[in-house]
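Taken in order, these protein sequences are the chains called A and B.
Letter 49 of the first sequence, counting from 1, is numbered 49 in the numbering used here, and no numbers are missing.
Letter 37 of the second sequence, counting from 1, is numbered 37 in the numbering used here, and no numbers are missing.
These are computed hints drawn from the structure, not numbers from a lab.
Only a predicted model underlies this, so the values are computations on that prediction, with no experimental measurement involved.
One should not assume that every hint holds.
To be verified - Taking CB as the label site, the calculated pair distances span: (1) B:61 x A:52: 29 to 37 Å; (2) B:5 x A:16: 31 to 39 Å; (3) B:61 x A:112: 30 to 38 Å; (4) A:41 x B:70: 25 to 33 Å; (5) B:82 x A:2: 22 to 30 Å; (6) A:18 x B:66: 31 to 39 Å; (7) B:77 x A:18: 44 to 52 Å; (8) B:60 x A:40: 39 to 47 Å; (9) A:57 x B:111: 28 to 36 Å; (10) B:115 x A:2: 34 to 42 Å; (11) A:27 x B:97: 37 to 45 Å; (12) B:83 x A:41: 23 to 31 Å; (13) A:70 x B:116: 24 to 32 Å; (14) B:97 x A:52: 17 to 25 Å.
Every residue gets a Cβ at the ideal spot worked out from N, C-alpha and C, and that includes glycine.
Residues per chain are reported as follows:
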Amino acid sequence: NAGVTQTPKFQVLKTGQSMTLQCAQDMNHNSMYWYRQDPGMGLRLIYYSASEGTTDKGEVPNGYNVSRLNKREFSLRLESAAPSQTSVYFCASSDPRAGNSPLHFGNGTRLTVT
Amino acid sequence: AQSVAQPEDQVNVAEGNPLTVKCTYSVSGNPYLFWYVQYPNRGLQFLLKYITGDNLVKGSYGFEAEFNKSQTSFHLKKPSALVSDSALYFCAVRDMGAYNTDKLIFGTGTRLQVFP
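This is chain B alone, in the form it adopts within the complex (with noise of 0.2 Å):
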């Protein structure tokens, strides 16, 4: 079975620092990995997706994210953070096993809290 996993509940870094936000997968054959972001009582919205290709994925609103094949990891990251970077924050796998859509699995949510 497909799955993604993020470790931490929340993550706190303060502004202007580097941010980093774990995420794992466990899939067979090729992962096709995907980052979302949802602001207080809003829809979740797309950051950035790594299909094949370059490790290093750059995304929307400067994040980026490093696909790793070895340690199964798919870290969502950006080098300064900003205070309106806080919201919650989803790793997502798609599921292969779904004919003709894009159906997702997703992780439980990573909430980051960037402090001035």
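If we strip away everything but chain A, and leave its shape as in the complex, we get (with noise of 0.2 Å):
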């Protein structure tokens, strides 16, 4: 099984540049996550999404866009990447429907701004 894939696994962009992070889930969960991995800080919320269609800010939205393209998918945009902006970023889904249902995660994009 697949489960949560991600791409791409590393990029390094220049400050200003753009680009979309790509996840993808096979396992028919009605919610997606994007969260931000940083040293000393743990994971943070960036967006979320409860359901097809739908999409909430987290704790830290700022400088990011995201899209529910469809059940499947939830990608993250960085319209003028920063360099505030390095980080390990993981999407991650779950099914509410199931109760308390824990996350699974992808295995993350590793970005670098300079």
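Could you use the hints to bring the two separately framed chains together as a complex?
Here it is as structure tokens:
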């Protein structure tokens, strides 16, 4: 089972460049999430999508946009990258219908902005 | 506001010894608590959760966690540590303000190092 797939695995950007991080899940989950992981700060939620057609801001949404393209795919876009966005980005999915179900994570995208 | 705290950045333990990774929580109402593990260059993997019921929760890879309401704690434990348990461990609490999602608030993580 593929689970949650993220692309690319690594990316280096120059300040001001844009890019889109892709995420897809094959578990028929309703909810999807984007987190960033920084040393000493744990994981912080950027945006989430409770269900297809809806998106909401998380704790640190500034500088990002998201698109829930369909039930399977949830992309994260950086319009004008900044060095502060250097981080490891994780996509996750879950099925809230199951009640307090765990999040399933992808293996992450390591982004460096110079 | 809901939150979890992991007071130790790193825990060192010898192989075969018991291990404890600490977590305390701050929520209004009943907490829904989780533990995840992260191996190098991988995403987080679910270990166990406490929703209600028995205060001792058993999970994957021989891990268990004890929910203590009076101390607002949810410490992760294992009776006998393995070198392969060395990883980054995260405690998390469900954000009860988020309708119809499983949105989690994570702690800052504790690195567990098990020495041979």
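Tested hints:
1. The hinted range of 29 to 37 Å is satisfied by residue 61 (chain B) and residue 52 (chain A), whose Cβ atoms lie roughly 34 Å apart.
2. Range check, residue 5 (chain B) to residue 16 (chain A): Cβ separation about 37 Å, and the 31 to 39 Å hint holds.
3. Separated by about 32 Å at the C-beta atoms, residue 61 (chain B) and residue 112 (chain A) satisfy the suggested range of 30 to 38 Å.
4. One distance hint, 25 to 33 Å for the beta-carbon pair residue 41 (chain A) and residue 70 (chain B), holds here, with the actual separation near 29 Å.
5. At about 28 Å, the beta-carbon gap between residue 82 (chain B) and residue 2 (chain A) stays in the expected band of 22 to 30 Å.
6. Here the CB-CB span from residue 18 (chain A) to residue 66 (chain B) is close to 47 Å, at odds with the stated 31 to 39 Å.
7. One distance hint, 44 to 52 Å for the beta-carbon pair residue 77 (chain B) and residue 18 (chain A), holds here, with the actual separation near 46 Å.
8. Range check, residue 60 (chain B) to residue 40 (chain A): Cβ separation about 26 Å, and the 39 to 47 Å hint is violated.
9. A hinted range of 28 to 36 Å for the beta carbons of residue 57 (chain A) and residue 111 (chain B) is consistent with their spacing of about 30 Å.
10. Residue 115 (chain B) and residue 2 (chain A) have their C-beta atoms about 35 Å apart, which keeps the hinted 34 to 42 Å range intact.
11. A beta carbon spacing of about 25 Å between residue 27 (chain A) and residue 97 (chain B) contradicts the range 37 to 45 Å that was offered as a hint.
12. Residue 83 (chain B) and residue 41 (chain A) have their C-beta atoms about 27 Å apart, which keeps the hinted 23 to 31 Å range intact.
13. One distance hint, 24 to 32 Å for the beta-carbon pair residue 70 (chain A) and residue 116 (chain B), is violated here, with the actual separation near 48 Å.
14. Checked against the hint of 17 to 25 Å, the C-beta distance between residue 97 (chain B) and residue 52 (chain A) comes to roughly 22 Å, which is consistent with it.
Of the numbered hints given earlier, the model fails hints 6, 8, 11, 13; all others are met.
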